[in-house]
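Participant: Construct all of the structure, not just a fragment, from the sequences and the given hints.
So the protein sequences, as listed, match chains A and B.
Residue numbers for the first sequence follow the working numbering, beginning at 1 and rising by one.
Residue numbers for the second sequence follow the working numbering, beginning at 1001 and rising by one.
No wet-lab data here; the hints were simulated from the structure.
Treat the hints with care, since some could be wrong.
[Unchecked claim] Dumping the calculated EDC-like pairs for lysine to aspartate or glutamate here, alpha-carbon to alpha-carbon at most 16 Å:
1. B:Lys1002 to B:Glu1033
2. A:Lys169 to B:Asp1039
3. B:Lys1024 to B:Glu1077
4. B:Lys1012 to A:Glu285
5. B:Lys1071 to B:Asp1039
6. A:Lys169 to A:Glu223
7. A:Lys291 to A:Asp197
8. A:Lys294 to A:Glu160
9. B:Lys1012 to A:Asp197
10. A:Lys264 to A:Glu223
11. B:Lys1005 to B:Glu1022
12. B:Lys1005 to B:Asp1039
13. B:Lys1071 to A:Glu194
14. A:Lys291 to B:Asp1039
15. B:Lys1036 to B:Glu1077
16. A:Lys291 to A:Glu194
17. B:Lys1071 to A:Glu285
18. A:Lys61 to A:Asp27
Spelled out from the first residue to the last, the chains are:
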Amino acid sequence: MFEIFTRLADWTITDVLALEPGTKLADAVHFFVEDTTKIFVLLVVIVFVMGLFRTMLSPEKVRGYIEGTSRGIGYILAVILGAVTPFCSCSSVPLFIGFLEGGIPVGVTMAFLITSPLVNEVAVVILGSIMGWKMTTVYVVTGMSVGILGGILIDRFHMERWVEDYVWKIRMGTMAQAEVDGSVTGRVRYAWGEVRDIVGRIWLYIIIGVGIGSALHGYVPQELFAQYASADNPFAVPVAVLMGLPLYSNATGIIPVAEALIAKGVPIGTVIAFMMSVVGVSPPEFIMLRKVLKPQMLIFFGVFLTISFMMVGYLLNLIFA
Amino acid sequence: MKSFKVLGSGCKNCITTAKLIEDKARALGVAVEIEKVTDMAAILGFGVMSTPGVVLDGKVVHAGGIPQPDKVTGWLEG
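Facilitator: Have a look at this one:
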């Protein structure tokens, strides 16, 4: 099904650019053409299809679903809904306050906020088509587990005292449900709007991601990774996570980089730990969350994610060794 | 005079939304007043969690993203 992209890349190298197959440049160009075309085509298709159903799932509705459920179910529901509900990261603050106002525990709310950037339906489909379903399942399951564990710890240690006081005083008005055009044309128009919006927002991350992936693929020798990033080196996982922290990319943009790393023989745990660290922790989001969380909570949040990504890395390297 | 409020934390999408309404209003020759609401208590007071949201004459007409241009035209002409 995806062979067409490989053929397109073959054709670009041999017929359009007349490069010698097997050279470093040809390898890099092949990777770039194949991944960019494949990712953009998939992206448009998935976002469009999801856009048709998007009106069925908004953060306002998610709050309604989680409200009143028991804690245990709340965590699980929160991470599943976090994975499939898209929202602009600038909404995290009102979303956080809105969830708390609805009586949802802080831990359940944080579980939702942790999982949301880490796992999303677009990245899952693209990850599956590029790296296979084993890696995808492992990624989704570990991502959701980190969200659930974070939530449980936050509630267990009563960290709600580290939420800014004014947050508890905010009273929310009647939940607004903006009118929706439910006709077929209305939905199609809305879905195209989503495609334009999301592609416009993340295309640059994808190009940069594929660019880095191509460079790794074509120019960095395998021995370099074998020497420094193999499972035998106990520092490889922490270094990968620490390198990923200040970097930020959308989940879709990091996939080509991960693909190139896996192809170079970097162990799966190290690669997943790196991906999560790049995608799950972003400096802008921390600055935004400071509006509602006291510094102690932010420190816990950052340290918890860093440690769990490292644990994920070691654990998976052990399992898939 | 139509009174719009754009609800949002001041992120890029919120600025784009306010500008979209302003540009459309100018193109259609409709007099509007646009206010950006960044206070979280006020935003949640309108019952909006996903920003940007749009309030027209006191009523929430949109939430959770940049509105479609023809939706904006609809508000201005309606």
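Participant: Confirm or reject each hint.
Facilitator: Each hint tested on the structure:
no.	hint	in the structure
1	B:Lys1002 to B:Glu1033	holds, 6 Å
2	A:Lys169 to B:Asp1039	holds, 14 Å
3	B:Lys1024 to B:Glu1077	holds, 10 Å
4	B:Lys1012 to A:Glu285	holds, 14 Å
5	B:Lys1071 to B:Asp1039	violated, 25 Å
6	A:Lys169 to A:Glu223	violated, 58 Å
7	A:Lys291 to A:Asp197	violated, 26 Å
8	A:Lys294 to A:Glu160	holds, 10 Å
9	B:Lys1012 to A:Asp197	holds, 12 Å
10	A:Lys264 to A:Glu223	holds, 9 Å
11	B:Lys1005 to B:Glu1022	holds, 12 Å
12	B:Lys1005 to B:Asp1039	holds, 12 Å
13	B:Lys1071 to A:Glu194	holds, 14 Å
14	A:Lys291 to B:Asp1039	holds, 11 Å
15	B:Lys1036 to B:Glu1077	violated, 21 Å
16	A:Lys291 to A:Glu194	violated, 28 Å
17	B:Lys1071 to A:Glu285	violated, 30 Å
18	A:Lys61 to A:Asp27	violated, 47 Å
This entry does not satisfy hints 5, 6, 7, 15, 16, 17 and 18, going by the numbered hints stated previously.
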